[in-house]
Amino acid sequence: MATRARIGVLNQEGGVVSIYSHWDGYPDGVGKTLTECYGREDRAKRLVAMGGVSALKGTIEESTFYHRDRDEDLEIEESPNEAAFLKLAEKSGAEWAYLWTGESWRTYRI
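So the sequence shown is numbered by the numbering used here: it starts at 234 and just counts up by one.
Quick caveat, the hints were computed from the structure, so don't treat them as lab data. Heads up, some of the hints might be wrong.
[What the hints assert, rightly or not] Computed list of lysine-lysine pairs in DSBU-like fashion (alpha-carbon distance at most 35 Å, straight line):
1) 290 with 265
2) 320 with 278
3) 320 with 265
4) 290 with 278
5) 278 with 265
6) 324 with 265
7) 324 with 290
8) 324 with 278
9) 320 with 290
[Said to hold, decoys possible] Pair ranges (Cβ atoms, derived):
10) 324 with 291: 27 to 33 Å
11) 247 with 275: 29 to 35 Å
12) 306 with 336: 17 to 23 Å
No experiment lies behind these values; they were computed from the predicted model shown. Glycine is no exception: its CB is placed at the ideal position from the N, C-alpha and C atoms.
Taking the hints into account, I'd like the entire structure generated from these sequences.
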């Protein structure tokens with residue numbers, strides 16, 4: 234069974250660009266991978282630019298993305314602020330949300 238998550242990047246204006254993540258959304262899964270492998274601004278932004286991810290791995294190349302690997306629509310959501318991002322996470326059925334702040338990943342239990 235999937236553990237859904239939402240992965241977002243906070244922009245300079247306070248908005249959030251985010252994607253859906255399907256598998257292993259727990260802090261010791263997606264959360265650990267984000268911290269260990271996507272803990273830089275360029276990597277976090279590149280990840281979100283790929284759109285929804287089915288299985289997040291240590292690199293973009295190893296990960297499975299809906300758009301790139303399954304020829305599905307590119308889905309990237311924009312929220313006007315952090316609160317709206319968390320509401321989107323809840324609405325999309327996520328159990329966890331992760332937000333890149335520009336310096337580190339924040340983890341939220343939804």
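Each hint tested on the structure:
1. 290 with 265: holds (10 Å)
2. 320 with 278: holds (21 Å)
3. 320 with 265: holds (23 Å)
4. 290 with 278: holds (15 Å)
5. 278 with 265: holds (17 Å)
6. 324 with 265: Holds - the C-alpha atoms of residue 265 and residue 324 are around 24 Å apart, at most 35 Å.
7. 324 with 290: Holds - the C-alpha atoms of residue 290 and residue 324 are around 25 Å apart, at most 35 Å.
8. 324 with 278: holds (23 Å)
9. 320 with 290: Distance ~26 Å between residue 320 and residue 290 Cα, so the pair holds.
10. 324 with 291: 27 to 33 Å: holds (29 Å)
11. 247 with 275: 29 to 35 Å: Hint violated: Cβ distance 20 Å, outside 29 to 35 Å.
12. 306 with 336: 17 to 23 Å: For residue 306 and residue 336 the Cβ distance comes to about 32 Å; the hint is violated.
Consistency with the previously given hints fails for numbers 11 and 12, ordered from lowest to highest.
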